[in-house]
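Once you have looked at the hints, place chains X and R on chain D.
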Amino acid sequence: MKKLTKGDIEKVDPAKKDIGKNWIKVGMSTCGVAAGAGEVYLALLEESKKRNVEIDIRKCGCQGACSAEPLVEVNVEGLPKVLYGRVTKDVAITILERHVRNKKLLHDYIFEIN
Amino acid sequence: MYKMIEARINGIIVEVKEGTTIMEAAKKAQIKIPTLCKHPDLPPSAACGLCIVKVKGSNKMLRACCTPLEDKMEITTNDPDIVEVRKTVLELILSNHPNDCLKCGRNNNCELQSMAADFGIREDIFEKFLRDIPRDGTTGTIVLEPTKCILCGRCIEVCQKGQDVWALSFLERGMDTRISPAGDIKLSESPCVKCGQCSAHCPTGAIFEKDDTHLVWDALKNSDKYCVIQIAPAVRVAIGEAFGVVGKNLTKKLYALFRRLGFKAVFDTNFGADVTIMEEASEFVERLVHKKGELPLITSCCPAWVDFMEKFHSDMINHFSTCKSPHEIIGTLSKTYYAEKNKIDPAKIYMVSIMPCTAKKYEITRSDEMFASGFQDIDVAITTRELARMIKQAGIDFMNLPDEEADSLLGDYTGAGVIFGATGGVMEAALRTAYNLVTGKELEDVNFIKTRGLEFIKEAEIDINGTKIRIAVAHGLSHVEEVLNRIRQAKKEGKEIPYHFIEVMACPGGCVGGGGQPYNVTDALRLKRAAAIYQDDKDRELRCSHKNPYVKKLYKDYLGKPLGEKSHKLCHTDYKARPIYVR
Amino acid sequence: MEKKIIYLRDTDSAQQDRINDFFTLFSNELRDTNLIEQVQLVKIADIGLYEKGVTVKILPENIVYIGIKNNDVKKIIEETIKNNKIIKELLYEKKSKQIRAVLKNCGYIDPESMEDYIAAGGYKALVKVLTEMKPENVIDELKKSGLRGRGGAGYPTWMKWNFARGMNSLEKYVICNGDEGDPGAYMDRSVLEGDPHSVLEGMIIAGYTIGSSKGFFYIRAEYPLAVERVQKAIDQAAAAGLLGSNILGSNFNFELEIRLGAGAFVCGEETALIASIEGKRGTPHPRPPYPSVKGLWDKPTIINNVETLANIPQLIAGGGAKFASIGTEKSKGTKVFALTGKVKNSGLVEVPMGITLREIIFDIGGGILGNRDIKAIQTGGPSGGVIPREFLDTPVDYENLGKLGSIMGSGGMIAIDDTDCLVDLAKFYLKFCVDESCGKCAPCRLGGYQLLRILEKISEGNGELEDLNKLKKISYAMQKASLCGLGQSASNPVFSTIKYFEEEYRQHIVNKRCLAGKCKALVYFKILPQKCKKCGLCMKNCPSNAILGSREAGYVIDPQKCIKCGACFDICKFKAVMKE
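Protein chains in written order, with this note's numbering: chain D, 1 to 114; chain X, 1001 to 1583; chain R, 2001 to 2580.
Chain D with its partners taken away, still in its complex shape (with noise of 0.2 Å):
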């Protein structure tokens, strides 16, 4: 890997930072991991391939809400950044058809915390 200089972080402005506009972020932390949020993030990577869902998934730490694990956050243009908890396999597959591909918000898995 090329060395990083001075100027390639200083040039950086994190207020401008643009990950994707459509991604999900699964909280990979021990917490998440010991409530299941391996199996979710495996779930998210197979079917969305398999059901033709176009979406970054990718990992993340922990969120805080521990008792609400696994955590998956998403965000898909037109609606709001959501946080969805206590996500099992099949929540996570609704994520994918409901949430990602037809834009509405799943009932009872959202967890607005401060």
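Treat the hints as calculated values from the structure; they're not laboratory data. Mixed in with the good hints, there may be bad ones.
[Unchecked claim] Over 12 Å on every C-beta distance to chain X, these chain R residues come out as not near it, computed from the model:
#1 Ile2058
#2 Arg2100
#3 Arg2259
#4 Val2434
#5 Glu2466
#6 Asn2511
#7 Asn2545
[Stated by the list, open to error] Lysine-lysine pairs mimicking PhoX-like chemistry, simulated, CA-CA at most 25 Å apart:
#8 X:Lys1128 with R:Lys2431
#9 X:Lys1128 with X:Lys1311
#10 R:Lys2095 with D:Lys81
Cβ coordinates follow ideal geometry from the N, Cα and C atoms, glycine included.
This is chains X and R only, laid out in the frame that chain D set:
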């Protein structure tokens, strides 16, 4: 230049060097702070929690043993609150300690017991919880009794840091913490060299010498046995401590004592030391002048050192003097020379060695050469501490006994023989005779001051007939490796070996600080014991082994000449590499 | 009209089905007003408010209405959805009680991607330090910030660093203490797993400041994911030249290495941790000398907790003064707590110092499970203490918690309700400390054991009043005479529970009753005939056939056979089974 600091302890102004602990500083103000883990001879381990004191401006209590006094500190070492906490801690320690005092090896001589007495402990206020850990007496020299251990860590400190043996360590944690050889093996399977420093530093009855006094009593009451005895140089200057006298040479009272105990003949290990010197100095000259054998020559009269060398430094075997240790020589000669001269059946002779050392118990059956007389040369070796108990059992007013002499055939000794008991002594004694062997002349001044004292590695250069003889003296096993590495380094680089002659003693201070000596040893005490030994040397008419008339007689009548066939058979041994761990 | 979303949530936990009625009300109203296509109505699982009635949040405007009644529905649709008018009497102006500073990246960036960290502004503080700041400037900023160690003791970080900086030594070390061991605390794990580069950056800055070129991550082996991610971060940083020689073109060199803790709690104590890294038995050593003077391999060493180090980049980037603008007079910045116990929303929270316990438990944590009564809050883990509910309005900082006989600790916070027994709680923590005592020093090793035995005796119904004195006596001796922080504080749970709840101990000792029903020997189950509907469910579910009777005669519990499992208590729908 040290920075001095000034502080108040219980209102008394003390001025000490920066870095002095509160406990040390308090001593200067005649204040004693109780502790069970801090030994004056060792660095603090901060294990017991009894030495807590208060410092003005803090609501914490500090450990006096390991906290350096700071400038302007105001310390209170004693108030009802502190005493109450100390008492609680002591009661906690006692809740984990058997009430076995009456049957304990340390009864009347136990730091925990004294502390309990001082604090007026009258009941077990906490639930008794005793550990069930088996006793380990496998070495036949020292016994571990972990149930009585208060985990002060002194034994581990001396074994690991002081002696570099690492036989003992803490295992497990919390309430399961215990002293043991690593891996939970038996002590006899561990690297233990039986030096006994652990037992000499233990505050309770958790590590003690194997008590062999019953063997001596049994022999004494057996009319078939012809009981003889010898005492090592360091015993005579330490036994008095059991009777309240420090640094006094009690040789002649011991001779009298032994006869009253029923021994038929009383020998002195110092005579054996003179013989050892005859052999060892000859060996040195043989290697130095006649180039037979490797230099440097390394002394071998310390059995813990021999065991340590065989385990950790067996590449040095060729450097070792093959000469037996003095008490083994007395042992062999008593059952050969003495028996022949006095027409006694050697099978009946029962030879008792009084030693400052626990490793001597191991040495007496160490190898086949320890049976050179055809019998076990030494039947039993007991330590100074065991002897003190025997004296008390016998009901003899030891300190008021008349002076007597030893049986001269194996009893008369020179100044060279007695100084074996202090670090540097063997070297000094050997040089006195080696000089004579090489030059045919006598030294004008037999005192080699540079080999004396408590510096851990002492070096000197002596001129013998134009040859500069470089010597080194090391004591405390952790200081040996440095010296040996200098030899190894020189060998590796093909350079001249830095020494011709090396003396090693396992225990700090040499035998005066031996593992079988009375408790509470410190450097000050080691020096007092050594001083009594050097005084004996100074007071002797003859101070060189080769001048001892009875030594001359021994060679003329019996052994022939040093390193001769007969002395080789009776007075020499050999060595082999031994595994550090026996599995 | 822009597409709107209505989040719908009943924040009253007692009302079970009401939300569906409201959902229907809203749906019908939307349908009637022909807005059903423009507005998404979503029932959500949590809205961050508790016991505030039916609540809605309207997006994208973020309007929150609380305490909504049936007849408000029409109004909301009419005024707010249709005409963008705010209904003042329903409006709730929600202020977030949390500030995400340390956790700013946790859960937002990919912890395995350095690019993500840099994109979020990472390593800017390092660049700033290396280009604009001398070590003494860093110390100045730390001093201004008022940052104190987050590991528990709260020692000012600048002082620690400054001691080490002032030491004249060619070798110095920086250690990150990731041996988080308090039961229930996992703040450090989350940071290491969620944002490892922030800790790395903090360590590199620490190295630059004190003049060290070598750092160690000491992470407990029970955190394999943290270890994996930190190792990845180290590798990435090294490959990018953020570790190694001449970092970012400066003449500063720094390397990092991970050492694993082998599961001993005491190795979180700094001198024991150092011994552990050196390969020795992990037992504490007397201080002074402090590690900043004589630490790892006898060289000056600073040991900082994960959270402390994770604070460094944002502190440097924003400046010490900005950091100090949050918090109380003596405790600055934010603190991460692992909120657990009988709280509705357990999890990690990051709050400004000075927030009250009540705000944390009720506003963030959502209150107590099942709306039971809060009895106390335990902070500081096994070294901490309990704080009774009278002190719920205490602002949380180092001094205030200390005054109440507890500690900030590393950040465990456990809500205790009336079904928790404090004797049992003290026993739990003590058991932990007894298991984890290194065994070196007598007051901790033996005192802890004796305390535990006495507590066991009390909870088994064999307590005597004299035992209370013994508990106090031992606790005091342990505090004063133990060598390290573990021993000195191991008795805190006992000390503080006796201090505030002596009456509960007396209940156990004198009346032989555990009112919380935790100490099995001291709880008795009884069927109340006046409430019993004679359904027989309890008898069916009793595993030890201890319930006698019939549907006609009613039921009684045979105390001889009862094993006190509580099955009858749990199964009875009529609350006819009681504990006494």
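*Out of the numbered hints, which ones does the structure contradict?*
4, 5 and 9
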